[in-house]
Amino acid sequence: MIADVARISRLRGNRSLNLLPSKALGASVVLIILVPLFGVFAGGFLSPHNLVNIALQSSILLLIALPMTLVILTEGLDLSSGALLSLCGVVLALLLVAGYSIPAATLAAMAVGLLFGILNGFCVANLGMPPFVVTLGTLGMAQGLALALADGNAVSGLGPEIEAFSAFRFFGLPVLVLIAIAAYGIFHLVLYRTTFGRYVIAVGGNAEALRLSGVSVRLVHGAVYAISGATAGFAALCMIARTNAGHPTIALGMEFDAIAAVVLGGTSFERGNGWLFGTVLGVLAIGVLRNGLNLIGVDTSLQLVAIGALVIAVLLVERLASERSA
Amino acid sequence: MLEESGSEGPVGIGSGVAGPDIGVLSAARADTPRPMMVLNGVSKSFGQMQALSQVDLEIYAGEVHVLLGENGAGKSTLIKTLAGIYAPDAGEILLDGNRLALGGPSDARRAGISVIHQELALVPHLTVEENIVLGREPRFLIPGSIDRRVQRETARRALELVGFDGDPRGKVANLTTARQQLVEIAKALAHRSRILVMDEPTASISERDATNLHAIIGDLKRRGVAIVFISHRMREVFELADRVTVLRDGRKILTTLPDATTPELLIKAMVGRSVGSFYQRLERFVAGEVILETRALCSAAGLVDMNIVVRSGEIVGLAGLVGSGRTEFARAVFGLDRRTGGDVLLHQLPLPSDPVRAVRSGIAFVPESRKEHGLALTKSVCDNLTLPALWKIFPHGFRSRRRAAGVARGLIERLRIATRSTRQPVRTLSGGNQQKVVIGKWLPIEGNRRLIIIDEPTRGIDVGAKAEILKLIEGLAAEGCGILMISSELPEVVGFCDRVYVLQSGTVRGELSGAHLTEEAIMKLAVHHDS
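In order, the protein sequences belong to chains P and F.
Going by the working numbering, the residue at position 219 of the first sequence is 219; the numbering climbs one at a time, nothing skipped.
Going by the working numbering, the residue at position 5 of the second sequence is 331; the numbering climbs one at a time, nothing skipped.
Here chain P stands alone, though its shape is the one from the complex (with noise of 0.2 Å):
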């Protein structure tokens, strides 16, 4: 059957809509065994409410982890953006509270993060500098400045506006879900029908080969961390949105969540191997995961550590499996 879907996907010539779950091992699995299983023994899991639940908490995860992808492509590495988020909810809060709108308070917001963006950009590419403590230094200054900001505690207050925005729905779907399904659907045509998606890819396959094609390689390198940070200036509404005020800490951890889902997702860290979609599936594999092990009563900490131990079981599953077949 599998063969099938991939004849079908052949003739129709569509390569990168192709849903071979084989691809996306780890989050196909994830989703295959655990949603039955939190089906029966987790009390709710699948009650309407709590999948609402699953989706709007994916959602936000979701503009983090498709620029993430982006990255990764790269053969890079952005531990910024969980800061990042969070500075920038506290900034849209702060603006919110002193009365701009929803739109300019956001646009604000995205601009502080696309300035850190460009900062881990421009350090990465034109100073090749490593991206893992480009990012984490990035990281630090944007924690520290959201806290500062914030002066520890949560911005509250927000004014009416945010929560209409909140509660708006469409054919029965939260605002925040159409968002991240419009964003999946801006990064997948970034990716797979731009020259600059083409380039991303080129970046971590073969920058020689790029290079020697005339085009600039730094440029599209640094625009990738730009544009990361510039997404997670526009999580910041969504954050904002789904908790009505700018928490200084909330995202604290999320560039682990989004990394793992990419990771699930099938996207490899090395030669640009990657595939967007699988992204969304790796969001849903740790979103379910997430919400399961809360319904059964597991607390935060052990969340982590089974997202972590899965992680290295998908890789070194892949590992297993590319030496088998070299």
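Hints may be right or wrong, so weigh each one.
[Said to hold, decoys possible] Which residues of chain P face chain F? A few of them, derived with a C-beta cut under 8 Å, are:
hint: 1; residue: 193
hint: 2; residue: 194
hint: 3; residue: 273
hint: 4; residue: 318
[Claimed, not checked] What follows is a list of derived Cβ distance ranges for each label pair:
hint: 5; chain 1: P; residue 1: 47; chain 2: F; residue 2: 464; range: 50 to 58 Å
hint: 6; chain 1: P; residue 1: 304; chain 2: F; residue 2: 372; range: 51 to 59 Å
hint: 7; chain 1: P; residue 1: 271; chain 2: F; residue 2: 492; range: 18 to 26 Å
hint: 8; chain 1: P; residue 1: 271; chain 2: F; residue 2: 680; range: 25 to 33 Å
hint: 9; chain 1: P; residue 1: 244; chain 2: F; residue 2: 433; range: 51 to 59 Å
hint: 10; chain 1: P; residue 1: 101; chain 2: F; residue 2: 474; range: 49 to 57 Å
hint: 11; chain 1: F; residue 1: 483; chain 2: P; residue 2: 271; range: 23 to 31 Å
hint: 12; chain 1: F; residue 1: 633; chain 2: P; residue 2: 319; range: 41 to 49 Å
[Unchecked claim] A few chain P residues that face chain F, going by a derived Cβ cut-off under 10 Å, partial list only:
hint: 13; residue: 190
hint: 14; residue: 196
hint: 15; residue: 213
hint: 16; residue: 215
hint: 17; residue: 219
These aren't lab readings, by the way, just hints derived from the structure by calculation.
Idealized CB from N, CA, C, for every residue including glycine.
Given the structure of chain P, go ahead and fit chain F onto it with the hints provided.
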């Protein structure tokens, strides 16, 4: 096409001139067809090394021009100059009679010059079509978008020219090397290249794929594409070439027609240099018992049935072209590459594939690239000299600085390493002294009849230091060590080694010693004659 056009075709100044006495002559052509590209006195040096000096070359439309030369003869530098990667220090490049200023690879591309390097420049996880249009994607309405129909059509036409039979919408990563090569050629053609430079394209593909490639090259020739081709397979050279140019030590030695020469003459032109100032052995030692013996050794890195014997007091050379498996053999013996078959016997006992065991059994491995694999550059002379022997000098695991410095001082004196103190960072030493450190660090692991593997010991160091290094190696042989020396310097191999194995394609092609050990004999075995 050109051959048929009689007097207008590529004609030598007369077959008489291109006879057995091949000095510095070049096959001139009748004046009518103007060369597509002309190199006039192109020179390029890197620091002290003159990589190219005064090279003249003419390339005509519709010809296959083969470049020959041993390792380091300047072929790669010449190619990179054509590709715009290196700017020549002197001389000029003319294309259609106009001076060409190549500021970078994209300038060369624009001028219609495409280079297919041995490491293919393709993006593995893009499709064949996407790779072909990379950097020149056809635009669809707005900038940054891609017209996939035009892309498909462009790719299809280019792929047709090279007879590519794979899936144009499959990822390049899933293709064989031969097919990837075709994709690269198609990419060059899609960019309207008029000059196609190929660096040993048949070195890593099968015989059948090579035949296919030859057919495609013939086809491109008929379309008027000029092809510059590097190869070490003699049969291929004579099958394909319209003209052959031999480079040696960065100079053009000759350009000739294949009909006017023989493989023997070409090999002579490749190696024939004056042997004079080279280090002469002080004495030859009587070879003692067998230290290393490999039986049908195969490795994951491509060795096939390697049978090699090294005896005590013997200096054994491993010769061969780059990629023939010399370093891979050393790595397989030392346990760095996975062995896939055969046995390695050290002093008649099986040696497991494990670098730790190799070191403890007294094997020393001096790698080819001292800066990358041989030295901790920022660390001191003392730290480097004691590193492989720390377990021997400090068997209990506690390091005494004074004891280490004592060992280092002894070695500095013995090897006459020019350093201010034991604490000087090795990065600040000269190349020759660095090389002494890389060899010297193995000496504290004492022992009789050790196996010492040295990869390119005299590369990049000056003549005086060369002699000292070779003398040091000879001294180790005198003590009863067995020396396995990998070297690309043919005069050095011939003058210095007792016995030489010549490798080609990962296996031993021949063993030479005594009067049979000559540069010509080595080259004859090292290049592909048959298949």
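Hints versus structure:
With a cut of 8 Å, the hint placing residue 193 of chain P at the interface with chain F holds, because the nearest CB-to-CB distance is about 6 Å. With 8 Å as the threshold, the beta carbon of residue 194 of chain P comes within range of chain F, its nearest partner Cβ sitting at about 5 Å, so the hint holds. Interface restraint check for residue 273 of chain P: the shortest CB-CB distance to chain F comes to about 5 Å, inside 8 Å, so the restraint holds. About 15 Å separates the beta-carbon of residue 318 of chain P from the nearest beta-carbon of chain F, more than 8 Å, and the hint is not met.
With their beta carbons about 51 Å apart, residue 47 of chain P and residue 464 of chain F fall inside the hinted range of 50 to 58 Å. The supplied range of 51 to 59 Å is met by residue 304 of chain P and residue 372 of chain F, whose beta-carbon atoms lie about 52 Å from each other. Taken as a hint, the range 18 to 26 Å holds for the pair residue 271 of chain P and residue 492 of chain F, whose Cβ atoms sit roughly 20 Å apart. A hinted range of 25 to 33 Å for the beta carbons of residue 271 of chain P and residue 680 of chain F is consistent with their spacing of about 30 Å.
For the pair residue 244 of chain P and residue 433 of chain F, the beta carbons lie near 58 Å from each other, so the given range of 51 to 59 Å is met. Between residue 101 of chain P and residue 474 of chain F the beta carbon distance is about 40 Å. The supplied range of 49 to 57 Å is therefore violated. Under the hint 23 to 31 Å, the C-beta atoms of residue 483 of chain F and residue 271 of chain P, about 28 Å apart, fit the expected range. The beta-carbon spacing between residue 633 of chain F and residue 319 of chain P, approximately 35 Å, falls outside the hinted interval of 41 to 49 Å.
Given the 10 Å rule on beta carbons, the hint for residue 190 of chain P holds: about 9 Å separates it from the nearest Cβ of chain F. Evaluation of the residue 196 of chain P hint against chain F yields a held restraint, the C-beta minimum of about 6 Å falling below 10 Å. A distance limit of 10 Å between C-beta atoms decides the matter here; for residue 213 of chain P the minimum to chain F is near 3 Å, and the interface restraint holds. Given hint, residue 215 of chain P at the interface with chain F, holds; its Cβ is 5 Å from that chain's nearest Cβ, closer than 10 Å.
For residue 219 of chain P, the suggested interface contact is broken, since its CB lies about 12 Å from the closest CB of chain F, more than 10 Å.
The structure does not agree with the numbered hints 4, 10, 12 and 17 stated previously, though it agrees with the rest.
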